[in-house]
Amino acid sequence: MKPFYKFDFQLPLGAFDLHLKCQSQATMLGLFGASGCGKSSSLKAIAGLHKAFGTIRCGSHVLLDSNLGIDLDPAERAIGYVPQNHCLFPHWNVKRNLLAGQRPGHCDALARKQRFEEAVAILELAPLLTRRIHQLSGGERQRIALGRALCAMPDLLLLDEPMASLDASLKQRILPFLLRVREELGMPMIIVSHNPIELQLLCEEVIVVERGQATTQGSPLEVFTQAQIYPGIATAFENILELNIIEQNPEQTLACLQDANPAQPIVLAPIPGPSRSHIRIGLAASDLLIALTPPVGISARNIIACRINRIQNLPTACLVIVQLQTTTPTEIAAELTSSAVQELGLTPGMDTYIVFKSNAARLYL
Amino acid sequence: MSTTLEIITTTVLWAITATCLVAAPGLPIAYLLARHQFPGHRILSTLLSLPMVLPPTAVGFLLLQLLADRGLLGREQLGIDLDILYTWKAVVLACSVMAAPLVIRTARVSFEEVDPELEQMARTLGYSRLKSFIRVTLPLAWKGLLAAVLLGFTRSLGEFGATVMIAGNIPGKTQTLASAIYSAQQSGKDERALLLVAVALLVGFVAIFLTEICLRPNTKNKGLTR
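Heads up: the protein sequence lines correspond to chains A and B, in order.
UniProt numbering applies: residue 1 is where the first sequence begins, and numbers increase by one.
UniProt numbering applies: residue 1 is where the second sequence begins, and numbers increase by one.
For reference, chain B alone in the conformation it holds in the complex:
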């Protein structure tokens, strides 16, 4: 059996990896949804939010179908074995998919809160689109973006349903904090379960507390256009 410390370290590491994996495409997608209207905007927005309302096991089941030997991304279709199912990669994938809606929605709101007229203003002052994004949009949205990433991280940390479906609960291989709590409780090791829950509580509290600070309405940046 893995030690508690090992479980915590690997879970945090996987959660960080999953968060990075979501944030890399998620933040640009959030900006796209916040600033541009295009055909299929609503459909894309809805699809990206779906994992938030679906049962995690349903998401897990769909991923399983996708990655199974005969699935769209399976060995027979691609000709190569991605070797994802029941490995740590499956944990990261499940966490990423489940965290994506939170990251994208939160980031989108923080981009939307930046007055697009400020970006336009920067353009008239000689800024390119990229420079206006870096000098104006990012500095005004960064707290919300940090909150989005933190929320993604906490969601990944607690992911259970989809993870168990595609990665299983293999101690020392794919066991996470969430699945270890489940195993401990199932095998009657309440003390171990309690310890793991305490750790989960602590990490979760710190992360959400930081998110609260980030998402606190910034009165200094409000009402500037009047």
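Chain A extracted, bound-state conformation:
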């Protein structure tokens, strides 16, 4: 299968030369790395704001091919760039900012109007339209920057640390909007972040950038459970699961993995607000227990049968990666101490049970 993204470009940065060479079939791609590793510069090079040499292909578009003398102007790349610092135009109100990138020549008036209305609806911008930019909060600015990019009808969205400048509660507010953009508009995205949870929630594939080079690539779980990456993750690693909701009541919520047996539901804390059909949850690897037999007389509500796929040794602990019994493989990583792994005699291929409390699941609505 032909890769969707194909990057092989160089640009000199201060301390080192960025040389990003990678390709990916995933349309939702994450670039992960520490501050100053070159991931934001890579995004700017893709947007055409940094002069790079080499090849940049996204889908059927060739944005840069130095050998063929192709280097599209930023204005012609059809890219929706959302920088970390929002860069809203301070002399225009919210509506004018949202419409800033709509061009008559790009597509017909009806499609543009429809996109504007979609963006306003998905990002809940209607009450803000007449506001001036200086009257907005950080989260509102982030939503407008995203809306402005969407209204320009781009073929690709580039998000630079979409939640880095927001506090924890605002992050929780923005994430659902990003998920809705992903689900409802189905637009390819490249997301730069140093937060694994964002990338796990939004991306199909993650590329790790270190000193300007792509060092590791794979599914978010594959990448973040690697021995050299997992210990460096600042926030606790979370397993992200997409669940279908079976029943929602004031005491608890019953859900199940999308292709699992509904007779063995996952019990979650009650979900506030209207009833929903599906939900994403995050289970911190350090919150999970592993049992050889189904424990009895225990308060934890969730005891799920699984099989150990592999065991990853870390400097101070072990990651046990198990596979849930579903038709499509769903992996979960549990962080245990090495002594626990030894005492239980855990080895790949063993049938075990994963145990967690309802309240251990973080809800991403």
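In case anyone wonders, no lab produced these hints; they're calculated from the structure.
Please read all numbers here as calculations on a predicted model, not as lab measurements.
Even glycine gets a Cβ: it sits at the ideal position worked out from N, Cα and C.
The hints are all genuine.
With a cut-off of at most 30 Å between alpha-carbon atoms, the simulated DSSO-like pairs for lysine-lysine come out as follows:
hint, chain 1, residue 1, chain 2, residue 2
1, B, LYS89, B, LYS173
2, A, LYS113, B, LYS131
3, A, LYS95, B, LYS131
4, B, LYS131, A, LYS51
5, B, LYS143, A, LYS95
Selected chain B positions facing chain A (Cβ under 8 Å, derived; list incomplete):
hint, residue
6, GLN120
7, THR124
8, SER128
9, PRO139
10, LEU140
Given the coordinates of chain A, work out where chain B should sit on it, guided by the hints.
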């Protein structure tokens, strides 16, 4: 002797002409200095600011050398007589040279205050360089640019040293508000001098007051990137 009104009108007219003459190349140069790095950037920037620190008479002397018959722009070199020295054109030239540093420096700062990332953002939204300049940079910098022009105008209005060197102080021909005050005081006409000073004060006050308004920090445009 010219009437006070005549002196004021011609001085203001010359100051306006000089300001336009500076602003036309000065504002693009200011943008160039604010946004682009090129070999000789610092040298150009320093040269353009020199008239601010040199004695005006030194600038006048240099201009005189340049425009004298055997100077680089003199009759013998060019083959034509530009007929600048000791005419109103010399007044305008002296004012322009003396006002240029203020105009360019102020304009440069106001361009620098516009976040270049906003221009880049506009580019990703499909704007050409020119459109991004007109739609984003100019609307955000216009107050500072207006201040630059006003400062250039006030500087031209009060110009004396360089003007006297290359245009003289010929009543009815090259006499300006500044040189008329000097003449009045020298010839003991203190009342006339006082009247001219009062006019200079009034015009200067209004112009600087407007500049203050223009250069007041715009809190609305700050902190937008966070």
